[in-house]
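Novice: Take a look at the letters that make up each chain.
Protein chains: 2
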Amino acid sequence: MVAAEDPESFFATAPPLGDAGAVAARLQEFLARNSSRSHPSEGGGRRRIVCVTSGGTTVPLEQRCVRYIDNFSSGHRGAASTEYFLKAGYAVIFVHRRGSYQPFCRFLPDDSFLNFFDITTESKVQVVESHTTVVKKAIGEYSKAIEGGSLLKLPFTTIFEYLQLLKMVATSMSSVGLHGMFYLAAAVSDFYVPWDSMAKHKIQSAGGPLDMKLSQVPKMLSVLRNQWAPLAFCISFKLETDSEILIQKAEMALNKYKMNVVVANLLATYKEEVVVVSDGERNTIRRCSKDEDLEEHIIELLEKSHSKYIYSSADACSKNGYEKVIPLGIESLA
Amino acid sequence: MVAAEDPESFFATAPPLGDAGAVAARLQEFLARNSSRSHPSEGGGRRRIVCVTSGGTTVPLEQRCVRYIDNFSSGHRGAASTEYFLKAGYAVIFVHRRGSYQPFCRFLPDDSFLNFFDITTESKVQVVESHTTVVKKAIGEYSKAIEGGSLLKLPFTTIFEYLQLLKMVATSMSSVGLHGMFYLAAAVSDFYVPWDSMAKHKIQSAGGPLDMKLSQVPKMLSVLRNQWAPLAFCISFKLETDSEILIQKAEMALNKYKMNVVVANLLATYKEEVVVVSDGERNTIRRCSKDEDLEEHIIELLEKSHSKYIYSSADACSKNGYEKVIPLGIESLA
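Heads up: the sequence lines are chains A and B, in that order. First residue of the first sequence? That's 1 in the UniProt record's numbering, and the numbers climb one at a time after it. First residue of the second sequence? That's 1 in the UniProt record's numbering, and the numbers climb one at a time after it.
Rather than coming from a laboratory, the hints here were simulated on the basis of the structure. Since the structure is predicted, the reported quantities are computational estimates derived from the model, not experimental observations. Don't take each hint at face value.
The list treats identical chains as one, so a pair stands whether inside a single copy or across any two.
To be verified - Straight-line C-alpha distance at most 25 Å; calculated DMTMM-like pairs for lysine to aspartate or glutamate:
(1) Lys308 / Glu251
(2) Lys144 / Glu129
(3) Lys290 / Glu129
(4) Lys137 / Asp118
(5) Lys136 / Glu62
(6) Lys256 / Glu292
(7) Lys144 / Glu122
(8) Lys137 / Glu251
(9) Lys124 / Asp291
(10) Lys258 / Glu273
(11) Lys213 / Glu5
(12) Lys200 / Asp291
(13) Lys304 / Asp293
(14) Lys219 / Glu62
(15) Lys213 / Glu62
(16) Lys200 / Glu244
(17) Lys308 / Asp291
(18) Lys219 / Glu129
(19) Lys144 / Glu29
(20) Lys124 / Glu141
(21) Lys136 / Asp118
(22) Lys200 / Glu272
Taking the hints into account, I'd like the entire structure generated from these sequences.
Specialist: Okay, here's the thing in structure tokens:
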């Protein structure tokens, strides 16, 4: 079995993205449109662009995939965060698992969907009165984001698709420099089966117990930070089930991968509480009521940190004469 | 590691269903209501009840589950089949994977959901004109099934939940004897990690490559056939990626597990074609157009086979004096 635990061999052996050309074109068009705009926040400046990743990646166990390993993630955090980033004036590239929660659609019932509709006396189908307000608000905000060209949705399923998309988005976003943000909320597999050592057909069960050897997925956070988008403001997530090791692992990630922020959460309480860990700071954000979105407060905090980062980096750059690495559009902040 | 590959130890070590009591009560009430009704088909007789299983089961790799192995299955076949079983007069127990396709909701778009709605001049939210017909039909049929008490929906996620639900449904359905049918379309995991040998917390990735040993899930088809519901008409499914072994594996399942019918399909063509294999017969069903549901023809064929089975079994029973095993309600056929 080939190890394929370094980034180069991961990409060299991964099955190529089916629609890479079309995705690249949409991405370029989106970035060009949005980076010519200005940011609505105090101080203005070039429009900020965030790549939100959301949902879990799968690891196929067979090339013609019947079985796969999946990571728990509904994508609710990524979808909710996307809504608040848009509200804060960011353009959002929403890299999401197919079938996971979508921005502005979080209110939709999972199951008893048809209870949502009424048939009117004129034989039109309408949303029942009790849900009208929430649906109307959602349609309004969604249409605004789509028609305004501020939201680009890119779907993935497997770890192969996810990492190729992330690489493509990140290398394209290097052009927006400090104004770019990565909000890496997707639950990315730690282990995988390299494509070329994978069973071609469905694994047969007659052979007795199954012994599976999985390789480690290369740690792409380092590559993102060091090569793909070195100036971007980067937020990664740590989800653990054991509270004993959570903060320690978050701080390790902060140092090891040079993240700007790590959002730490526990599986048991991730809807109620997160700890936002950055260099020398820990902010605990807790939800006060069920109607409140934790994400509203997370994004509020991150937007401020991103502003500080842009100002201080631009400042440091101009003091040190590093104008060459200053991205386009930074002039207005100098 | 405990092997737990026999049914007894599987159930003994599985984490118990959270709401077993409530599910059992709903099930009893559903069976009592429907078995007092008559079947609409030619010849009449006691109402037939089918248990449709649908979607893939997950195999948790950790007790506080972050990672799991999943089986590919959208649940489209099970959801579509449920619609046609209801149309054919069956009462349906729809045992489905949470989040998989639901009967009468197959038309719903996956993603661009909000494009579905319009806001009227009176500020009501309504379904856009082009989709009205299909939504109206779906709401009508869904309401009829729910209000008529012909559809019971029971959700599962893990292999532990699925097999416990199946056992509960099957042992309850033994009371409807020959009039019961099992249409086992769910994609059930072949391998699993027994609960008591499972990692309690999230598996850490720092320890290098992962070596996973999985046990075989005990073959419950035999138990269903021999112990839980020995008189029921049983249909299982075979999905393979390799056409070479498909029919051979379907015939093996037919003999080994004493299924009445095995529906064989290939991953590459399962939407267009299936082979319905029964003792001495093979029927290939092919879809002629994209607007057609393959399931309509499958259910038509199965309903006829089930009728034959009821008549011939009742006949055999009365000839051989096996009245003791004849289920209630068979009198009308004698």
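Novice: Could you run down the list of hints and mark each one as holding or not?
Specialist: Hint check:
Within a single copy, Lys308 and Glu251 get their C-alpha atoms as close as 21 Å, which meets the 25 Å cut-off; across copies the closest is 68 Å, which misses it. For the homomeric pair Lys144 and Glu129, the shortest alpha-carbon distances inside one copy (23 Å) and between copies (21 Å) are both at most 25 Å. With identical chains, the CA atoms of Lys290 and Glu129 are at most 25 Å apart within one copy only, with a shortest distance of 22 Å there and 36 Å across copies. Taking the closest pair of Cα atoms, Lys137 and Asp118 come within 25 Å of each other both inside a single copy (19 Å) and across two copies (12 Å).
With identical chains, the CA atoms of Lys136 and Glu62 are never at most 25 Å apart, being 43 Å at best within one copy and 41 Å at best between copies. Taking the shortest alpha-carbon separations for Lys256 and Glu292, neither the intra-copy value of 33 Å nor the inter-copy value of 55 Å comes in at or below 25 Å. Within a single copy, Lys144 and Glu122 get their C-alpha atoms only as close as 29 Å, which misses the 25 Å cut-off; across copies the closest is 21 Å, which meets it. Neither within a single protomer nor between protomers do Lys137 and Glu251 lie at most 25 Å apart by alpha-carbon distance, with minima of 39 Å and 55 Å respectively.
Taking identical chains as interchangeable, the C-alpha atoms of Lys124 and Asp291 lie at most 25 Å apart only when they sit on different chains, with a minimum of 24 Å there against 31 Å within one chain. With identical chains, the CA atoms of Lys258 and Glu273 are at most 25 Å apart within one copy only, with a shortest distance of 24 Å there and 53 Å across copies. Both within a single protomer and between protomers do Lys213 and Glu5 lie at most 25 Å apart by alpha-carbon distance, with minima of 13 Å and 21 Å respectively. In this homomeric assembly, Lys200 and Asp291 never come within 25 Å of each other (Cα to Cα): the closest approach is 48 Å inside a single copy and 32 Å across copies.
Taking the shortest Cα distances, Lys304 and Asp293 sit within 25 Å of each other inside one copy (18 Å), while across copies they are farther apart (53 Å). Taking the closest pair of Cα atoms, Lys219 and Glu62 come within 25 Å of each other both inside a single copy (23 Å) and across two copies (22 Å). Taking the shortest alpha-carbon separations for Lys213 and Glu62, both the intra-copy value of 13 Å and the inter-copy value of 17 Å come in at or below 25 Å. Taking the shortest alpha-carbon separations for Lys200 and Glu244, only the inter-copy value of 14 Å comes in at or below 25 Å, while the best intra-copy value is 41 Å.
For the homomeric pair Lys308 and Asp291, neither the shortest alpha-carbon distance inside one copy (30 Å) nor that between copies (56 Å) is at most 25 Å. Proximity of Lys219 to Glu129 under the C-alpha cut-off of 25 Å is found in neither arrangement, the shortest distances being 49 Å within a copy and 49 Å between copies. In this assembly of identical chains, the alpha carbons of Lys144 and Glu29 lie at most 25 Å apart only when taken from the same copy (18 Å versus 48 Å across copies). Both within a single protomer and between protomers do Lys124 and Glu141 lie at most 25 Å apart by alpha-carbon distance, with minima of 24 Å and 16 Å respectively.
With identical chains, the CA atoms of Lys136 and Asp118 are at most 25 Å apart both within one copy (15 Å) and between copies (9 Å). With identical chains, the CA atoms of Lys200 and Glu272 are at most 25 Å apart between copies only, with a shortest distance of 22 Å across copies and 43 Å within one.
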